[in-house]
Structures are given as C-alpha cells and as structure tokens.
Amino acid sequence: MKAKKVKGLEPRGTLRDNAARIVSVRLAELRSFVPAAMGRDEGDAQHDMRIAAKRLRYVLETVGLCFGEVADTARQGAREVQTVLGELHDCDVLIETVERYTSEEGAPPTDRGLEVLVTRTVQRRDQLHADFQSLWSRLDGEAVWNRLAAAAEDGTSA
Amino acid sequence: VARARPVPDLRPDQTFATAAARIVAVRADELLEHSHDVLDLNEVERVHDMRVATRRLRAVLEVFRPCFPKKPYRRVIAELKDLADVLGERRDRDVQIEGLREFAADLNEGDRAGVERLIESIDSERPVANLALATRVTEAHVAELCERLAELVAVAEAEGRRA
Numbered sequence: 034m035k036a037k038k039v040k041g042l043e044p045r046g047t048l049r050d051n052a053a054r055i056v057s058v059r060l061a062e063l064r065s066f067v068p069a070a071m072g073r074d075e076g077d078a079q080h081d082m083r084i085a086a087k088r089l090r091y092v093l094e095t096v097g098l099c100f101g102e103v104a105d106t107a108r109q110g111a112r113e114v115q116t117v118l119g120e121l122h123d124c125d126v127l128i129e130t131v132e133r134y135t136s137e138e139g140a141p142p143t144d145r146g147l148e149v150l151v152t153r154t155v156q157r158r159d160q161l162h163a164d165f166q167s168l169w170s171r172l173d174g175e176a177v178w179n180r181l182a183a184a185a186e187d188g189t190s191a
Numbered sequence: 128v129a130r131a132r133p134v135p136d137l138r139p140d141q142t143f144a145t146a147a148a149r150i151v152a153v154r155a156d157e158l159l160e161h162s163h164d165v166l167d168l169n170e171v172e173r174v175h176d177m178r179v180a181t182r183r184l185r186a187v188l189e190v191f192r193p194c195f196p197k198k199p200y201r202r203v204i205a206e207l208k209d210l211a212d213v214l215g216e217r218r219d220r221d222v223q224i225e226g227l228r229e230f231a232a233d234l235n236e237g238d239r240a241g242v243e244r245l246i247e248s249i250d251s252e253r254p255v256a257n258l259a260l261a262t263r264v265t266e267a268h269v270a271e272l273c274e275r276l277a278e279l280v281a282v283a284e285a286e287g288r289r290a
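Here the protein sequences line up with chains A and B, keeping their order.
This note's numbering puts the first residue of the first sequence at 34, with every later residue one more than the last.
This note's numbering puts the first residue of the second sequence at 128, with every later residue one more than the last.
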C-alpha cells in the first residue's frame, strides 16, 4: 500500500509544524480502513491497515516529542494494532503455505497433523480478529485518535 | 527486538531539515550496528534486529523526504526496500519454522509427520533466502549504503544551517 503524499512540508520550517501535517495524514490513513477492515474475512484491508498502523507508529516514534503525552499513548495504540493485525496476517500466510504445500505435485497426502494445524490456525485467526475489534473499540472509546488529531491540529502539546 | 536509540538534541522548534539530519544519522548507525553476522542460520534474532533497523531507517527517510535531493533519496530508498525484502524472506521462514516446531511438539507422535515434512520444506528454502541476503550485507555493500546516507545527512544539515 502506497503512503499518501503529505503536502506542504517545508525543510526550513519547524519540526513541530511539519510533524503536525505528517501525523494528520498518517492518522487519517489509518482511520480510513474502518469499517472495511473490521469484517472477518477482510484480509487485504487488514493487511493494509497494519501497514498504515506501522507508518503512524514510526512517525510518532520519530516526531512524537512535538505532541506530548498523547503521542506516546497513540504510538502504543498503533503498535498494538500493528501487532494484532500482524499476527492475524501470519495466520493467513500460514494457511496459504499449508494449502500450497499440500497441493504441490508429489506432495504427501494431508495427514491429521496438518488438518489440526489448519483448524487451529483458523480458530486463532478468529480470536485475533475479535481481539482487534475490541482493541479498536477501546482506543476509540479512550479518544486516543481524536486527542492525537486535536494535538496535531493545534501543532502544540496536548 | 532492539529498541530505537534516542536521538540527542531534538527540539520541536528546530528546523525540519536539522531534525532530519540528526535522526537519520542515528538510525543509519543502528543499521550498520545490526548488519553483522545476520547470515548465521542459528541466530534468528540478528536478522530480526537488522530488519527492524532497516524499517526504522526507511520510515524516517520517508518522513523527512522533502529534506533530501530527489535522485539520491530514491536510490537509497530503493536499496533499503531491497534489503528489507531479502531480510523479510529470511525472517518470515524463521518465524514460520519456530511456530510450527512449537505446534508439532504438542501433537501426538503419530500425527507429526506432515508438519515435520512441512518444516523441512520451509527449512530447505532458508539457505536460498540467505544467498539473496548475503549479496546485500557484504562489508562493501553496507559501507556504500552508509556513505550515501551520510551524503543525505550532510545535505539536510546544510539546509538546516541556511534556515
């Protein structure tokens, strides 16, 4: 997923002013995946949302000092979103790997162990999907993103 | 995972270009630091640490993109993307094998054959992934990348001084 370009950045402007523009764009990008990524089988949207969370996290790691405590909370939130969606994606990749392996020419027949592996991976994915929904609700309920958006809009510590 | 090293003397009121120079210099050092011994197939965390350092560096370069001249910037980003891709090819297999080994250990012995064959199949791909990685972590290659990064840092520093 290509990152949206941030307009109006000025190398000779202050870090704070430029950081505010970048955070606003990256935060909006992350939030744009809701509700699409909330569906159980929206693997592509969930993967793209993970990348958006990673981008926001790294931006906040880099320029979070411009926005005070709310940036730390948001960075931690973005990290949690990235982690849960990353584990969910790992499940998708593992299921694909097993399917590819068992469908290869000359592959041994699927045995009970591989069947259990796929079943448990699907169950784990469902659990991670539920965890992701709860996490997003919690972060929204704590107004983490709204507070970060406000801090970026002010361009000052919240 | 190696934690990001703090960047000294960063302030919200300094110029974007000055901040770019300081942050990129620290993240480039981190990449260099984590570029050693990553080809050892028994030391999976080294690949992970270098991958994280590569991602962090690429992320900060993207944040500060307007502070760098276009062509050298694009070249460095392309190199870092290639590096991240080959590190990812190794790392993804390391993680899958680790997870599958844990899973297999919980199975009855009679049910393990398929999973063990799958582990062998993924494991057989690791030396191939390592070969691709080997070409990008030679001392000369990493030194060249660091030189290009130092040039980007110098341009940003100069821009910051002019403000």
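Rather than coming from a laboratory, the hints here were simulated on the basis of the structure.
Where hints are given, some of them may not hold.
Stated by the list, open to error - Restricting the straight-line Cα-Cα distance to at most 25 Å, the calculated cross-link-like pairs of lysine-lysine (DSS-like) are:
#, chain 1, residue 1, chain 2, residue 2
1, A, 40, A, 87
2, A, 87, B, 208
3, A, 38, A, 87
4, A, 37, B, 197
5, A, 38, B, 208
6, A, 35, B, 198
7, B, 197, A, 40
8, B, 208, A, 35
9, B, 208, B, 197
10, A, 37, A, 87
11, B, 208, B, 198
12, B, 198, A, 37
13, B, 198, A, 40
Evaluation of the provided hints:
no.: 1; hint: A:40 / A:87; verdict: holds, 20 Å
no.: 2; hint: A:87 / B:208; verdict: holds, 15 Å
no.: 3; hint: A:38 / A:87; verdict: holds, 16 Å
no.: 4; hint: A:37 / B:197; verdict: holds, 17 Å
no.: 5; hint: A:38 / B:208; verdict: holds, 18 Å
no.: 6; hint: A:35 / B:198; verdict: holds, 19 Å
no.: 7; hint: B:197 / A:40; verdict: holds, 16 Å
no.: 8; hint: B:208 / A:35; verdict: holds, 13 Å
no.: 9; hint: B:208 / B:197; verdict: holds, 16 Å
no.: 10; hint: A:37 / A:87; verdict: holds, 14 Å
no.: 11; hint: B:208 / B:198; verdict: holds, 15 Å
no.: 12; hint: B:198 / A:37; verdict: holds, 20 Å
no.: 13; hint: B:198 / A:40; verdict: holds, 19 Å
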